[in-house]
Amino acid sequence: MGLRIQSIQKVYPEFRLQLDFEVRQGEFLALLGPSGCGKTTTLRLIAGFIDPDSGSLHMNGRRIDTLPAHRRRIGIVFQDYSLFPHLNVRDNIGFGLRMQGWGSKDAKERIEELLRLVSLKEYGKRKVTRLSGGEQQRVALARALAPRPQLLLLDEPLSALDAKLRKNLRKEILRVQRELSITTLYVTHDQEEALVLGDRIAVMRDGHIEQIDTPKRIYNRPRNLFVATFLGQANIIRGRLAKREGELAVVQTPVGTLRVSPSQAEEFGASDEVIVFFRPEHCQMGGTKTNRINGRVVQKEYLGSHQLIEVESNGARFTLDLADRVTLVTGDTISFSVSPHHCCLFLQ
Amino acid sequence: MGKTGQPLEAAWTGGRRAATGSGLLFPLLLLAGPAFFLLLFFYYPLGSVLVGGLTDQSGRISLAVISALLRDPYYLKIIGFTVWQAILSTLLSVLLGLPGAYLLARYDFRGKRLIQALTTIPFVLPSIIVVLGFVRFFGNNGVLNRLLMALFGLEEPALKVLYSLKAILLAHSFYNFPIVVRIVSSLWRRIHPSTEEAARSLGAHGFRLFWRVTLPQILPGILSAAALVFIFCLLSFAIVLVLGGGPRYSTLEVEVYRLAKVSLDLKTGSALALVGAVISLVFLYAYIKLQQQSSFAEQMLEDYERPRLASLLRSPWGMFYLLYLLLMAVVILAPMVTVVAYSFQVRSGWGQQAVSLEWYRRIFSGGAYLRAGLNSLFFGTMTVLLALPLGTLLAYVGSRSRFAGSQLLEALMMLPIGISSIILGLGYLKAYQSFPWNIVGSWYAIVFAHTVIAYPFVIRVASATFRKMKPSLPEAARSLGAGPWQLFWHLELPLARSALITGAAFAFGISVGEVNATLMLYNEKLVTIPVMIYRLIGSYNFIGACAMGSVLMLFCFLVFLIIDRAGGEV
Numbered sequence: 001m002g003l004r005i006q007s008i009q010k011v012y013p014e015f016r017l018q019l020d021f022e023v024r025q026g027e028f029l030a031l032l033g034p035s036g037c038g039k040t041t042t043l044r045l046i047a048g049f050i051d052p053d054s055g056s057l058h059m060n061g062r063r064i065d066t067l068p069a070h071r072r073r074i075g076i077v078f079q080d081y082s083l084f085p086h087l088n089v090r091d092n093i094g095f096g097l098r099m100q101g102w103g104s105k106d107a108k109e110r111i112e113e114l115l116r117l118v119s120l121k122e123y124g125k126r127k128v129t130r131l132s133g134g135e136q137q138r139v140a141l142a143r144a145l146a147p148r149p150q151l152l153l154l155d156e157p158l159s160a161l162d163a164k165l166r167k168n169l170r171k172e173i174l175r176v177q178r179e180l181s182i183t184t185l186y187v188t189h190d191q192e193e194a195l196v197l198g199d200r201i202a203v204m205r206d207g208h209i210e211q212i213d214t215p216k217r218i219y220n221r222p223r224n225l226f227v228a229t230f231l232g233q234a235n236i237i238r239g240r241l242a243k244r245e246g247e248l249a250v251v252q253t254p255v256g257t258l259r260v261s262p263s264q265a266e267e268f269g270a271s272d273e274v275i276v277f278f279r280p281e282h283c284q285m286g287g288t289k290t291n292r293i294n295g296r297v298v299q300k301e302y303l304g305s306h307q308l309i310e311v312e313s314n315g316a317r318f319t320l321d322l323a324d325r326v327t328l329v330t331g332d333t334i335s336f337s338v339s340p341h342h343c344c345l346f347l348q
Numbered sequence: 001m002g003k004t005g006q007p008l009e010a011a012w013t014g015g016r017r018a019a020t021g022s023g024l025l026f027p028l029l030l031l032a033g034p035a036f037f038l039l040l041f042f043y044y045p046l047g048s049v050l051v052g053g054l055t056d057q058s059g060r061i062s063l064a065v066i067s068a069l070l071r072d073p074y075y076l077k078i079i080g081f082t083v084w085q086a087i088l089s090t091l092l093s094v095l096l097g098l099p100g101a102y103l104l105a106r107y108d109f110r111g112k113r114l115i116q117a118l119t120t121i122p123f124v125l126p127s128i129i130v131v132l133g134f135v136r137f138f139g140n141n142g143v144l145n146r147l148l149m150a151l152f153g154l155e156e157p158a159l160k161v162l163y164s165l166k167a168i169l170l171a172h173s174f175y176n177f178p179i180v181v182r183i184v185s186s187l188w189r190r191i192h193p194s195t196e197e198a199a200r201s202l203g204a205h206g207f208r209l210f211w212r213v214t215l216p217q218i219l220p221g222i223l224s225a226a227a228l229v230f231i232f233c234l235l236s237f238a239i240v241l242v243l244g245g246g247p248r249y250s251t252l253e254v255e256v257y258r259l260a261k262v263s264l265d266l267k268t269g270s271a272l273a274l275v276g277a278v279i280s281l282v283f284l285y286a287y288i289k290l291q292q293q294s295s296f297a298e299q300m301l302e303d304y305e306r307p308r309l310a311s312l313l314r315s316p317w318g319m320f321y322l323l324y325l326l327l328m329a330v331v332i333l334a335p336m337v338t339v340v341a342y343s344f345q346v347r348s349g350w351g352q353q354a355v356s357l358e359w360y361r362r363i364f365s366g367g368a369y370l371r372a373g374l375n376s377l378f379f380g381t382m383t384v385l386l387a388l389p390l391g392t393l394l395a396y397v398g399s400r401s402r403f404a405g406s407q408l409l410e411a412l413m414m415l416p417i418g419i420s421s422i423i424l425g426l427g428y429l430k431a432y433q434s435f436p437w438n439i440v441g442s443w444y445a446i447v448f449a450h451t452v453i454a455y456p457f458v459i460r461v462a463s464a465t466f467r468k469m470k471p472s473l474p475e476a477a478r479s480l481g482a483g484p485w486q487l488f489w490h491l492e493l494p495l496a497r498s499a500l501i502t503g504a505a506f507a508f509g510i511s512v513g514e515v516n517a518t519l520m521l522y523n524e525k526l527v528t529i530p531v532m533i534y535r536l537i538g539s540y541n542f543i544g545a546c547a548m549g550s551v552l553m554l555f556c557f558l559v560f561l562i563i564d565r566a567g568g569e570v
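First to last, the sequence lines map onto chains A and B. For reference, each letter of the first sequence is one residue, going 1 to 348 in our numbering. For reference, each letter of the second sequence is one residue, going 1 to 570 in our numbering.
Hints are computed from structural coordinates only; laboratory data are not their basis. Please note that the accuracy of each hint is not assured.
Okay, derived cross-link-like pairs now, DSS-like style, lysine-lysine, Cα gap no bigger than 30 Å in a straight line [claimed, not checked]: (1) A:K121 / B:K112; (2) A:K125 / B:K470; (3) B:K112 / A:K108; (4) A:K108 / A:K125; (5) A:K125 / B:K468.
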């Protein structure tokens with residue numbers, strides 16, 4: 001159940017979209033990717049604004065790609081809100097109800113219910129053009145949800161808002177989604193949003209999905225270098241797989257021998273060219289003897305609660321995310337280490 | 001990348017597969033009525049003019065009539081003069097309009113809104129009023145000459161402009177320069193001064209700054225305004241007919257009218273009309289192309305602070321602009337004020353100061369004058385009822401669907417702008433005098449002609465709105481369950497409301513002021529106000545003409561108010 005996107009293909013002159021994934025019933029799936037990767041096109045395909053060249057869409061077991069957009073029962077929240085400027089808040093929310101033939105009494109109740117849900121109880125009669133960005137976005141959400149859609153699509157709904165409001169509203173969206181447990185697909189290029197909101201995240205690149213997984217696994221166990229570097233900050237160093245020591249793979253790199261516990265060890269053969277990857281916050285000053293790297297501090301970035309230290313070591317650069325209390329000066333030589341199970345291995 | 005472009009898919013239902021049976025049906029259904037109407041009352045009459053011009057006396061296809069025409073020095077002179085006066089009028093209008101466009105685009109001042117509104121005048125003020133105003137204001141016996149004679153104690157009128165090329169040019173540029181102000185300033189306003197500031201910081205200033213940085217940016221607007229003015233001047237009828245004052249200054253339009261109504265030579269008339277149509281269509285095409293170009297800037301609308309006009313007037317250029325503003329006010333307002341003032345005179349002759357409502361009493365006491373007024377109201381109302389749905393549907397389909405040949409369709413829809421109403425009237429005469437039925441001299445022939453003339457303006461206003469609508473609005477509505485009809489009724493029509501009111505007012509104004517086609521098609525029972533004015537001028541009854549003109553101006557003023565209030569883009 002939920003939304004099944006089956007072998008969908010859409011070819012453009014310079015771009016090809018190939019999709020095969022599922023949004024589970026009641027799940028919040030965040031579709032994350034750089035701009036131009038096809039996220040919005042995916043959303044528009046599902047909504048029925050674009051037709052795929054091949055493949056099919058199923059909603060709760062029923063095929064929907066043969067239906068026109070207005071019969072798919074999919075709610076959409078647009079990036080620019082797209083509220084109807086000639087209608088007030090109440091009529092915007094009630095628009096879908098009217099289109100789908102709700103009785104006026106039911107519609108009225110439903111509108112009240114939604115105004116309460118998005119905390120805009122007193123706003124019914126306001127003109128939408130007089131609302132703030134955040135308020136408009138709530139109205140857009142209420143409008144999409146009013147006719148009880150089977151699926152909710154959100155297209156970068158927070159990107160036009162300022163940082164603080166964005167954080168508040170994303171909590172709000174999550175609360176509403178949980179309350180209604182509506183199957184939701186949320187398109188964003190903001191990794192933080194995806195991590196906070198998604199039950200699962202689908203990372204997209206060049207028209208296909210690179211990895212679809214829980215936020216934790218996406219962050220800690222990225223399947224490839226693209227996912228690793230797209231989410232969060234990454235340290236990478238190229239090397240050659242030397243041998244195995246039980247669970248661990250031993251990699252020769254310009255900065256010394258690194259030991260890695262790869263998740264899919266069987267994928268790698270001896271003397272493969274590989275890339276070792278680890279996160280800045282997993283680096284420790286000093287630390288254990290394994291995976292110790294020596295280098296020189298070349299740059300510092302102070303970020304209040306923590307600091308980013310850039311270290312140069314034998315031509316390679318690493319970023320360390322350290323607590324504020326560590327005092328370092330540019331030019332200091334330091335050594336740091338990272339534990340093998342915080343490292344990932346990719347083929348070059 | 002598919003984010004916006006899906007060129008071949010009709011946007012109605014999401015396209016080919018999802019459409020399941022209603023893909024192209026909906027637009028086709030919407031188009032059926034308008035297409036039928038235009039076929040019967042525009043393309044068929046136009047076709048019969050075409051056939052008339054391209055066949056010889058025995059009905060065989062031949063270029064004989066046209067080639068004879070193109071060898072005849074008399075007609076060659078007329079063609080040459082038509083183009084020449086249009087070029088001169090256009091140049092003058094652009095020169096007069098540019099400073100105004102600059103002021104409106106770059107400065108803030110009290111009364112700016114009013115001035116902006118006044119630039120709609122050429123669209124709503126009937127040309128017959130311009131003619132009348134000019135005769136009364138600039139004429140040998142007009143206000144200006146009397147004033148100059150009194151001031152300087154002259155025996156003779158100081159300015160003899162009437163019945164000459166000067167009069168035509170003056171009237172054309174007065175009539176059309178506000179179009180330049182309007183089109184150019186609306187583009188100019190959207191160009192953020194930051195590019196000029198950047199250029200200034202790089203060392204450009206004065207004329208070089210204008211030439212290198214500003215002009216290239218506003219050029220599409222200037223060209224598109226010029227092309228439009230050129231077409232208007234090319235097709236101008238009443239102004240040339242009266243102010244040209246005879247065969248010496250005849251243009252294609254006037255000559256076609258004479259051939260059809262005086263010499264009753266429809267064949268030569270058709271051939272000449274054809275030549276005129278080809279010329280004007282070339283420029284119509286240029287205009288449409290240029291207009292597409294200038295719409296780039298529309299996305300960049302971001303407001304910025306404008307200096308007060310007072311700061312400019314205090315600068316060295318201040319005198320120039322002050323003079324300009326004064327002159328423009330006089331040129332625009334004086335003829336109109338003259339018409340109204342003169343209508344209250346008792347007898348011709350400015351010397352007698354007797355103010356009287358004599359002519360208004362005559363108009364409202366019934367008879368031919370009242371009937372002309374009622375006829376105009378009736379034709380106007382009927383034209384709105386036809387042109388509004390026609391133009392709206394065409395604009396809707398045109399702006400919502402893209403399919404192979406939709407550009408051609410758009411050009412076909414806008415064709416009446418480039419086809420003069422004289423040719424249209426001629427077409428009705430040729431096509432419907434005998435077969436299939438005689439509609440010439442019927443009220444609906446005039447209504448249909450007015451509708452054909454007015455609907456492109458409805459399209460212009462309506463499609464601007466339809467195109468400006470964010471595509472995500474209909475998408476949002478569709479995702480909420482709105483099918484094609486619901487989308488149209490509940491979203492797009494209400495959103496276009498102010499544009500439609502503007503369009504309706506326009507259609508009314510055009511019908512009420514129309515004189516060309518009406519002159520070709522009317523009979524004694526169907527006299528309209530402009531036709532009556534024309535006849536009164538012909539019999540030198542200027543007070544009567546001015547009284548009728550004042551009534552007509554009142555109608556046009558109402559139209560103007562509605563357009564201004566509705567705030568639709570013109």
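Against the structure, the hints come out as follows:
no.: 1; hint: A:K121 / B:K112; in the structure: violated, 41 Å
no.: 2; hint: A:K125 / B:K470; in the structure: holds, 23 Å
no.: 3; hint: B:K112 / A:K108; in the structure: violated, 45 Å
no.: 4; hint: A:K108 / A:K125; in the structure: holds, 13 Å
no.: 5; hint: A:K125 / B:K468; in the structure: holds, 26 Å
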